[in-house]
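Respectively, the protein sequence lines represent chains A and B.
Everything in the first sequence is counted per my numbering, starting at 4 for the first residue and increasing by one.
Everything in the second sequence is counted per my numbering, starting at 1095 for the first residue and increasing by one.
There could be a bad hint or two in this list.
To be verified - Computed cross-link-like contacts, PhoX-like style, restricted to lysine-lysine with a CA-CA straight-line distance of at most 20 Å:
1. B/1180 / A/381
2. A/380 / B/1150
3. B/1236 / B/1224
4. B/1162 / A/380
It is worth saying that the hints were derived from the structure and are not from the lab.
As the structure is a computational prediction, the values presented were derived from the model and not from experiment.
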Amino acid sequence: MKAPLRIYAILSKEFTQLKRDRMTFGMIVMIPLIQLMLFGYAINTNVRHIPVGVVDQSETALSRVLLQTISATQVIRFTEHYNNVQQAEKAIARAEVRAVLVIPKDVSQRLVRHQTVGLGSPPSSDEETSRPIAQWVVDGSDTMIAAAIKSLRSMPLSELQNRPANRQTPTFEVTLLYNPEQRSAVNIVPGLVAIILTMTMIMFTSAAIVREREQGNLEMLITTPVRSIELMLGKIIPYLFIGALQVTIILGLGNVIFNVPIIGGLWQLIAATLLFIFASLTLGLVISTIATNQLQSMQMTIFVLLPSILLSGFVFPYEGMPEVAQYIAETLPATHFVRLIRGVVLRDVEIIDMTFDVSWLALFTLAGLVIASLRFKKNLD
Amino acid sequence: MSQFVIKASNLNRNFGDLKAIQALDLEVEKGRIYGFLGPNGCGKTTAIRLLTGLLKPSSGEVQVLGFKLPQDAEKLRLHIGYMTQKFSLYDNLTVIENLQFVARIYGLSGRLQRKRIDELLDIYGLGQQKNQMAESMSGGQKQRLALAAATLHKPELLFLDEPTSAVDPENRREFWEQLFDLSDQGTSILVSTHYMDEAERCHKLAILEEGIKRADGSPEELMQQMDAHVVEIASSNLRQLKQELLTLSDVISAAQLGSRLRVLIKKSISDPLAFLSQQRIISSTNHLSQVRPSLEDVFVTCTGESKL
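This is chain B alone, in the form it adopts within the complex (with noise of 0.2 Å):
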């Protein structure tokens, strides 16, 4: 198999009118944490779906661990593990009864069966809720079970659709952890999220928006590529500067941290600082500093036509 666990090249997806997935190419390197980075409905999901084999591509290629997709979904089925966004698993079964069901439906059983289940439980910290309904435990704990679910067959990809949207900080930090561990092990996964310091995790990642991939590669290099400079400024009336600032045509967009503007000024302005000094509306006690680009000023100028 080539180096490569999933290869599309100009996927597209139609629903009716709405073009969900748009001429999407893309390469996933084995072993390693893919990301797809993108608001709700940018597509996110259904590019997962069409990489599982759910849906069918209106066009394109698509190779997933060296399966041609739609033709061989079934026998990928195997291979791949893919974790839901809503929980998926059976509410009103315990812990132990999920992964009994999930280990049958693999074709595990008696004591490979009851030594896979016993890892996971070990793994996931699932050991004490064990007897526990599904439904009555809390969101992090649920996420885990699901995340034990999906990789108990050992699947070579993994896809996990925002894993993380029901949990909090504490929770997602160990889990991403446990998706190192994975992938350490020589898994690979895919992995959609809508939280930029999960996105700053991945190996590699793409940007997507309205169905059209904007960018993608490792965090580093989508900072280092970015088309713009990062500006703070340290003002009082912020919110009166930013609305004047915003009218300017080479300020991308400018958000408001606390006590200062973070202004992104294109790329073709060679001398940002300067720039905006020159403006009428920044004073002399204003502080203005260059600062590092961040995965979120990335995410801004490569998605939304429209200036916030």
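Same shape as in the complex, but just chain A (with noise of 0.2 Å):
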């Protein structure tokens, strides 16, 4: 029966002591509104504004209303003119810009020949209709830019010729849901919960045992009557209030500013971000009786959070990874809170169908609880 009042000690000393230090509690507020504001406006995977350059070779008035034509598809702007490819070519390697374009000198000719204009579609194996308009320079390493100029490769140029644009009948018709403006954001705030929950929570409980031996508390708590697992639940619950605080803060201003919408029901979102929070609470303890100092926990939780952020599916899409690093995803907890809280935010879904993340969250948290309380013994052997 003194269990609970013993529990009640650690965790209302870590209260005051939390209460006392300004800077920790002010991270705590302030990581996830900085965090938020940073990622939900920077982080934009619809690239837009490339600043690229031109070789215009031909000078007539239809090459500089193709400029204008391409400039209005807001991908690229044209920010540079040079003389000759050379020029441009260095000017890429510079970073000056991203990709020119070479307009040749008979680009009329080869406009008003140009299938998607004028003659209708003559045969493809025909060379004078087939000859492409211009030519697209590319910085080829960076794969996102890459892919936006490629999506300009067959624009329609109808509006050139003053005719109406034809429209194509695509091959596919898509319907996008949840998300059908392709807004960034929606993707990233969910995420952004896992995230900031993986730093904070990790980091905090990391520290909290390793602390306590640093400064030599340990040396006391060990000879008075206090379980190891009273001693790890006092230091994680309130850390449950930390997080529930942070996931408010990014969940609430997400809605407000960037117009995340928070379709899925109160209680699921907080079943799920409990279940996470407990989780990450866990892996911190057992990272903090491992770390015999402040300094190593630190970099353990860092050795976590670096795959938290590239692996869990919160910038890059799970699906696009090979096999074995979907393999090493799967072992974080974060990987499986992304696609809770995608699910219940975005998506409606009950966790309760999502069982093998819920189950494997569930599972880590036990785990994690009973390796720490077992690693951490009561004496200094």
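Could you use the hints to bring the two separately framed chains together as a complex?
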């Protein structure tokens, strides 16, 4: 019956210490706030306004109209003119521009004979009519930039000849569910919850026991009747509240500022978040029993944090990763939580239907708590 | 329970190749203050950690308050108090918060808790500082707070690891008064120290060196049974005299105290004054007198093979 009192002793002590630590307390609020603003605005997978250059060998009215038409797509903006291709390639190497459009001398002849513009659909083997109008030279090292410019490859140009754009019938009809406007923030903001929680939760608890050891408090604690599991629970419960606060900040502001819808039920959201917070906290505790000083615990936190950011599906789609990376991603709590929270927030999924992710997080928590309690010995051997 | 609160026999503890504690036999009587006297690194802290169950012995038997260690270490924890060498309460909590924390850990709540904390604040004179952060307190205040926390649950046996190393002489005296109060109320105390004057206050003490117990007994016994004569020589060229005397194999040590030289001479010499007078270096103008041994003399005699 004294166990609850001992847990209460630890957690109220943690709260008091946290309250005194203004910096940490500030970070708890500022980290989600600032990161939300940063990532919400900054991360954009729709690349727009790429700076590009022009080598205009024709210098005609037509070429200028062509440039304007391309500019109107907003994919690129023309910032530089170069006299020849060599100059342009050097500019790409200097990263002055990411691509260069080379307009040949005979652009007007090419254009009138081009299949999309005038003469219907002549056979493609006809050299005269199958020639492209102009050429893009692209810095292909960044695949996203390259893809954006490649999307311009077959842009319709019928307006150039003052004809109505002939609507092409697409091969497939595509219906975009959940994020029809294709705004990146809709995908980023719920994922950000996973990243911020991974960072703060693991960082706080990984330092928790190490700090007591470093400051000599542990020697006193282990001569008292407090049990390992009581110490562990007392250490993580305060951070449950902090985690909940951070989730509220991210999703609340995400809704207000970035208009990210919260479609799923509140209880579903709470359940999913608690599962993940518990999993992260126990992971932190395990780290705390391994590390011998706070610097080490910080390093181990980063070791978990980086793959959580890059492999969890937060930035890059899980499906695009090779199989081995997918296995690694599956071990990270963040991967499962990214799926759960996107499911709940964007698609109104019941978390019960995502059995695999739910049970994985639950098992992870249980295993973590057991390992941490076993590893934490109440002696100095 | 027997009259002994601590019984250890042939206790050993190694850290790798280092033998921190070797063949330690120990019997501590109930209600007494028992001292561990020894230089830094002699194994005092290790011995205390073995006796509190914080370290497992490499071999040997330990019984503390009737509990066999290390098996019953967890049960023992309710009955002992431990004050660590370094302040181990929380610097960023106030006096009262620290005490509340410890009280809750020991299962004390509500009225009982408040009553006990008020009592402790009163005994250790911390009422004025009760809302002060522990880190901003003086060495003496911190040490009183640590003692208050260690005795909060009224332990039967109290371990104090160099409790006064960060405290001025005034506070040390006061601290020892409090220890005698506790002892008077029936608490058994084991205290480690490297101060002779503190060791002399103990009912009984053990002199430790390099993990080995060199001698034990009450301070008086140790002084009486000491294996050496103590002679004080008053002279003018003491530094040279000291060097000369140390070359003699029957001289254990020579230490200067102001204008006198305190010389320890082996017990095998029956008349130490005559022995010294025969030495070439001692002139008739030097004043020689045999004096009562101090605890420091005991310490020097039974430790350190090398001459000082």
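Here is how each hint holds up against the structure:
no.	hint	result
1	B/1180 / A/381	18 Å, holds
2	A/380 / B/1150	12 Å, holds
3	B/1236 / B/1224	12 Å, holds
4	B/1162 / A/380	19 Å, holds
The structure is consistent with each of the numbered hints, conforming to all of them.
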